[in-house]
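There are 2 protein chains.
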Amino acid sequence: MRNLYVVILMLLFQLIFSPVSGQEDSLTIRKIYTEALSNPVAYHNLDFLCNKIGGRLCGSAQAAKAVQWSKKVLDGMGLDTVYLQPMMVTHWERGEKETARVISGKAGNHNLHVCAIGGSVATPAKGISCVVVEVKNFEQLKALGRKNIEGKIVFFNRAANPAPIYTFEAYGGAVDQRARGAMQAARFGALAVIVRSSTLAHDNDPHTGIHHYADSVRAIPAMSVSTNDADSLSKWLKTDPTLKLFLKESCMLLPEVQSYNVIGEIKGTEFPKEVIAFGGHIDSWDNGQGAHDDGAGVVQTMEVLRIFKSLKIKPRHTLRVVVFMDEEYDQRGAKVYATEAIRKSGAGLEKHIAAMEADRGGFTPQGFSIEANEEQLAKIMAWKPMLLPYGLWSIAKGGSGVDIRDLKPLDIPLIALVTDSQRYFDYQHASGDTFDKVNLRELELGAAAMASLVWMLDRN
Amino acid sequence: MRNLYVVILMLLFQLIFSPVSGQEDSLTIRKIYTEALSNPVAYHNLDFLCNKIGGRLCGSAQAAKAVQWSKKVLDGMGLDTVYLQPMMVTHWERGEKETARVISGKAGNHNLHVCAIGGSVATPAKGISCVVVEVKNFEQLKALGRKNIEGKIVFFNRAANPAPIYTFEAYGGAVDQRARGAMQAARFGALAVIVRSSTLAHDNDPHTGIHHYADSVRAIPAMSVSTNDADSLSKWLKTDPTLKLFLKESCMLLPEVQSYNVIGEIKGTEFPKEVIAFGGHIDSWDNGQGAHDDGAGVVQTMEVLRIFKSLKIKPRHTLRVVVFMDEEYDQRGAKVYATEAIRKSGAGLEKHIAAMEADRGGFTPQGFSIEANEEQLAKIMAWKPMLLPYGLWSIAKGGSGVDIRDLKPLDIPLIALVTDSQRYFDYQHASGDTFDKVNLRELELGAAAMASLVWMLDRN
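Sequences listed follow chains E and B, in order.
Throughout the first sequence, residue numbering follows the working numbering, covering 1 to 460 in sequence.
Throughout the second sequence, residue numbering follows the working numbering, covering 1001 to 1460 in sequence.
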């Protein structure tokens, strides 16, 4: 890239990307971005959370540490209030490193890259060894029926569809295999399931995530396999349909554990009882560092408050960051928060005016997805010209997020930060979800986007 | 991320992102995207170019290999024409690994992460060892004058500005130090320059790039230092203003070398003499693999032709990919291509109707920057609603690119693919510009974006 070219570009982009007016909103948004992009506090916080605390499934010692760390960070920010909101959480552990091994005279013996699916029961201590039935979906499973499934391992191998642009669509179209595969296969007498990871990446990293059993059927072990190994297993099954798969995992469900949401606030100067809430979830799967899912959302929403403090902006309404516990397993944090918010609202003690969640990774923000009535929506959509210079082009009606959806009875806008989704499912719920996958500026831009919307919500 | 949430998201995003109409254009664009996202040909091509050939500065053996490889790939695509367009190119080599060492009784001795700036002369074989003057810009240099500069090493240490959203602006505001630092410092009798890398990253990777001497002043050695080490050097200079810096590099300017642009075409069915040209540059700096700059642009523009072939779309105009040689050093490839295009246009042998360049990295595409007259611009802008569902939100007047700017006399739209710029300057011209930094889907989306625009240009 050469010099003259760059200077021309610079001038043109200055024209295109400069705030559209000299009004206070525009000027403040520009200040918010400059502050976010000049001070890597959120990035350093994420570094600590990922590299010093690490993966932090609810109920784990790391999750407890992460709660203490969150409180300490918020305590250090000079906020008006910092407090814990208690709840009990599930404590599941995967135990020893899982094993899966193909045993075949024709196809050879091969170890697979696997991990237990969240909430799975253990295999017997000596493992399970038996033949495999590959299926693409529940219809195929049903068509095969008990006579073909009973006493076997079911291999769910429907690949995520690469065609949709927004990768949550690909994920949404494949994740039923992980979430309900064991439950469905157990109905037909399967001994265990092994499930292709719900990702568009072609690699050796298995992806975990929660799954659910049904009370009416036996809980059977559920395992996730990397996409590369799923392709290989499928190929080997064609060579040798009678190959055996040996599976071993030693997951445990331990007694429930006391845990907490962590909440920090700047009190509103005009409407202290009226709350704009925003947050991410501090828990993560145990196999990675929970960097994009959802350490990023936690440090970015903390950063919103830091930006307001640093710019000495006194909000009219109370700004509240909620560091949610247990999004991944049972959403106990979200439930406790919503229950309390609805109770206080009913008692006239507190009123939410909006809630926002950041849980789609620390990638370049593209806008906001908004669950709201038409009037609320129209109000926010009117701010588009103010936000477009910052690349926030996608501001539209849409789903919000798991940690705020229970606030629906409050009849307020529920907002999700929308980010560039291309890399999200490469890492989500896998060992690859580590700090080094997060780009400083992309993370900062997400925080600035949310701080800008919070500014608009507070002032308009 | 949970299941119900994902299903709701999926449905909503299907609504938002689905093509806006059932018309042929919309349907074809959807097919183009599906083809690009389902067949990782461009990605595998880039893998080979980066990992089997590697960095390929014009004049090098690797650049010659890359030309042969480009021709072989195009030959294998069943195009109507593939040919080479010859030119002579400069052959500069950096020689042995460069050295820079701080020598100070107070601040200690420290090796710095450095690399020669492209086109630099060598230091004397025994190196240069002398005191250092830190400056932020040419004004400061001038103010210090010959009495403070003569016989010293000038350290240019103005950091890129993190505040602009589009990082080309930050780069554009800092790169004069690299491009003209040596020339300016030599005017005041400096012995050498060491320049802070023009990147927003805080790391140990020095960034090279071309620089220029002036005929009227002595050519002095120019070196780039990583941002972390620039910060350290500045700190040490405060501790010990008399510290010495030892610099050694052994760059060479060798005889010019025969090289080539590589061109491949699908002939137009209705207007075979009318050309839509698009390309990237095959040369790269030698310290990395030239993955984002600009292997990505090369494989993406080749992919445009592959997509047309695969979908059996017969273009009305001739579609031409141009694999440009020597963007980084002297733009000889661009000059030869433009000269020939203008000559043929004058002779009535050929007429360009548009030219497009991909040289901003293989990141998520955001749109197109267009140099064109108002009428041409309005025509392309009218396609916005067709492209927005694919995240191409930024379609606007702006600079195009170094390899096509010389086509300006043809009075045609000159178009640059605009990508998410946040990570580009982390890697550009540095050892970090490697294949593993390129995301499969981001790369594919860029190819699909260009193929879609080429479709629109061809049909409308």
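Do not rely on the hints blindly, as some may be mistaken.
Unchecked claim - 16 Å max Cα-Cα, derived EDC-like pairs, lysine to aspartate or glutamate: (1) B:Lys1273 <-> B:Asp1080; (2) E:Lys437 <-> B:Asp1080; (3) B:Lys1437 <-> E:Asp203; (4) E:Lys437 <-> B:Glu1139; (5) E:Lys344 <-> E:Asp436; (6) E:Lys351 <-> E:Glu274; (7) B:Lys1437 <-> E:Asp436; (8) E:Lys379 <-> E:Asp25.
Simulated from the structure, these hints should not be mistaken for lab results.
Hint check results:
no. : hint                    : result
1   : B:Lys1273 <-> B:Asp1080 : holds (13 Å)
2   : E:Lys437 <-> B:Asp1080  : violated (42 Å)
3   : B:Lys1437 <-> E:Asp203  : holds (15 Å)
4   : E:Lys437 <-> B:Glu1139  : violated (39 Å)
5   : E:Lys344 <-> E:Asp436   : violated (41 Å)
6   : E:Lys351 <-> E:Glu274   : holds (5 Å)
7   : B:Lys1437 <-> E:Asp436  : holds (12 Å)
8   : E:Lys379 <-> E:Asp25    : holds (15 Å)
In the structure shown, a violation is registered for the earlier hints numbered 2, 4, 5, in ascending order.
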